[in-house]
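**Q** Residue numbers (my numbering), protein chains in the order written: chain R, 1 to 804; chain V, 1 to 115.
Worth flagging that the hints you see were computed from the coordinates, not collected in a lab.
Check each hint, because a few of them may be wrong.
To be verified - Covered stretches of chain V, as calculated for chain R (at least 3 residues, CB under 8 Å):
id, segment
1, 7-14
2, 38-50
3, 66-73
4, 80-93
Claimed, not checked - Which residues of chain R face chain V? A few of them, derived with a C-beta cut under 7 Å, are:
id, residue
5, V170
6, F591
7, F600
8, F602
9, L646
10, K649
11, L658
12, R673
13, S688
14, V722
15, G757
16, E775
17, A777
Said to hold, decoys possible - No farther apart than 20 Å at their CA atoms in a straight line, the calculated lysine to aspartate or glutamate pairs in the DMTMM-like style are these:
id, chain 1, residue 1, chain 2, residue 2
18, R, K293, R, D369
19, R, K465, R, D369
20, R, K747, V, E99
21, R, K737, V, D59
22, R, K372, R, E469
23, R, K457, R, D557
24, R, K791, V, E99
25, R, K747, V, D59
26, R, K466, R, E748
27, R, K459, R, D296
28, R, K457, R, D296
29, R, K459, R, D369
Every residue, glycine too, gets a C-beta built ideally from N, C-alpha and C.
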Amino acid sequence: MLLVMLIFLPLIAALFIPLLYKKIGQIHTGWFVLPVPAALFIYYSTLLPSIAEGGSRVSELQWIPSLDIAFIAYIDGLSLLFSLLITGIGSLVVLYSIFYLDKHREQLHNFYVYLLMFMTAMLGVVQSDHLISLYLFWELTSISSFLLIGYWYTRDRSRFGALKSMMITVFGGLMMLGGFVLLAIMGGTYSIRELIGQVPEISNHDFFIWALVLILLGAFTKSAQFPFYIWLPDAMEAPTPVSAYLHSATMVKAGLYLVARFTPIFAVSSTWVWLVTGIGLFTMFWASFWALKQRDLKGILAFSTVSQLGLIMSLLGASAVAFHVEDAVGTYFVYAGFAAVFHLINHAVFKGSLFMIAGIVDHETGTRDIRKLGGLMSLMPISFTIAMIGSFSMAGLPPFGGFLSKEMFLTGMLTLTEFNLFQFDTWGILFPVIACIGSVFTFIYSFYFVFHTFAGKHKPELLPKKAHEAPIGMLLSPAFLAILVIVIFIIPNVVGDWLVKPAVAAIQPFLYSSPQEVPVDVAYWHGPNTEFFMTLGIFAVGFLMFWTLRKWQKSYDLYPESLTLNRLYDNMMILSDTGANRFSRLYMTGFMRSYLVYMFSFVIIIVLGTFVLNEAFAVDMNNLAPVGLYEIVIMLAMFGSILTILFSKSRLTAIIALGAVGYTVALFFVIFRAPDLALTQLVIETISVALFLLAFYHLPQISRKEERMRFRLGNAVIALGVGVTMTLVALAAHSGKALPSISEFYKETVYTEAGGGNIVNVILVDYRGFDTLFEIAVLGIAGIGIITLIKLRLSKKEGQHENK
Amino acid sequence: MEIIMSVVIGLLFMAAVYLMLSKSLIRIIIGTGLLSHGAHLLLLTMGGLGGNAPPVVADGVAVSDYADPLPQALILTAIVISFAVTSFFLVVAYRAYQELGTDNMELMKGTEDHE
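Work out the full structure: start from the sequences and follow the hints.
**A** Below, the structure written as structure tokens:
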């Protein structure tokens, strides 16, 4: 119970935020929010010792017991690592946002409600053991991300970016749900832990490969892998604290979490290894390559995030390789899994600080355009130092945390060349090569980010504001993260033992039964091996290319805009929009006759179809009432009236003929021994005719000039169809009685039970009194409608349109 | 008799549908009027047209061969409701003609920017 409740704690706290914002406006609402993630962080930290020893915590809350759906919070090393990241970075981001968002100008209650909602969603994703609740929280992260990207909803770019991220991630989420359902069908359970136990049976199932691909689609869209990464750069329209939190440190890592969590299930498949490693590595290269085209500070960081996510993704794929290697524990194959988790931590720390610095630069200079920036080093020395630490860690330079994980990444990729299954012996050599190229570009954009902002010539005339150092409160969070970057470099093995190894044991249960068995120690110096020379080469080439960046950066513009994935997305959106519109207009003509035609046609098709399917055509020649002379005469009168209505050109004639039909119906009632009906019909018909004549005065002459012959013929065909159908219905209804009529009951009990003589009247007011009540209600509604239509007139004055 | 009535009902429905599909508002309303007549007769025929006496128990003395009271009760309700609907239609038509100046359904479609 407790753990599940803790997941929902931020959401519950969110309930009070609007109230606090309204009542206590003079204190920044962020101060009330800050204790929530901070308290959670402290609580999750207390779990560290037992989890680091290989323990786990489970707590359960029933949700829909009849469908076997429950909230199961399961915390092992992997979940705990993510929970700490979510609450830890979350606390820092809230602290940062207090200084970033102005309490007088911003809609703070909206912002913090969304942010807390996201916290619950994200904690739910990483702790859920039940697939359905995992999916629920997964979509909740998409929704809160949508709301946060669109936080400045008056801006067109914000709304566009919000919708784009929503479209892509929710598409992936739905695919993932399909994969989950397939998994549950194969394994007979929704619990991830139980599914892991059933891998041998599941992996031989026909659905296995489908579940794999569908779940990967969910992970790739969320973690912005190629070709779905296009939503992340547009998501940068969100306020910078959000970008730092959702779009670099936590939410985009949900895809990585998903891949890590499902590695024990899918590692047996070569498709998994190829897709995760291949797509991840290609994304790493592709995004780092395009990062250098960006002019926006946050744009550079967005592409760099995509690239780093790809890097971690490829390492997770490589960690699945270890499943196929005999006695992998003694070989270099163990490095990939460790490097994946280690780099995930490093990335969250340095990228968080870099985003905050980008926000500070934006806040203090008024622009994020890197062409206008430069020379801020002397004006903003603290920001510069923090940015340099973060960037150098990203570039993989010592003495920062990124250096260590980058080395291990190269080791992991190099090891893949030794793998001799799944055609890795022929294609495996590509992995370290692409990794090297990607790393070179990573090196360049890291330098590009920091030196083009802070070094070079200061251009105050281009800046909207006079640049100065940020207030101390805003610098607190990024400075703390920067210090953490260095601390991780100093004590990598402490981090490894407490955080990384428990997570690795959860990703690779096929190798280790407890975190202590993970045989990896982080070392600064491995001797002059291949990785060392690769790193040297990357630094050298990267530095040379950065030096000449201005000369070749223009060549990016040669790539035609029409071939980009963004353009493809835009075209798809436009096409589906206009396509759906056109399709609807095809049959939604706005002309009432069309709708009536659809309805009557369906009546004919469905009723006649039912007749054919059930062979219900029946004409019962027995039990017929005799045909008398009066009936024939009345009938002929009715035919005459109907024909008069159909062919008359005068309104008056048509109305009188309609009255005549009504009176003949009343005569039918007389003949068929229904005196009440006859009376009512006579009265009502008289009033109706009077009403028609009243309205007739105001209505125009019947004009049938516009009705062409074809139009009338079509109408006649449909009318004939309906007429024939109704005749068949009448015949069949009379001929076959499925059940005995309740009328016998009424006849027997009307005098004894209800104490009345007129059976029809007693039915109306007693047996079926509610029918009559509602009948009166209908009359009342019609009356009110008529009064409203006549008395109240719509004023012609148009209301002010919001967009005008 | 029931078979002949079935044909009558069919004809009433046919005429009603034909009128409702036309473009003139007043013909559509007349069509709905005919449609309700058809529906009433259909109900009556479904119950059977036999029975020698109206469904009234006079002084507690039951006659064995009544006309079926149930369809009659249903029709009684339906007549009143169809009256309400017809009068409402008429007022809608009257107001529509007043505001729009036409009773041609095709011209009442609405325009692109009027959705």
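**Q** Against the structure, test the hints numbered earlier, and report the numbers of the ones violated in rising order.
**A** Hints 5, 8, 10, 17, 20, 21, 23, 26 are the ones this structure does not satisfy, whereas the remaining hints hold.
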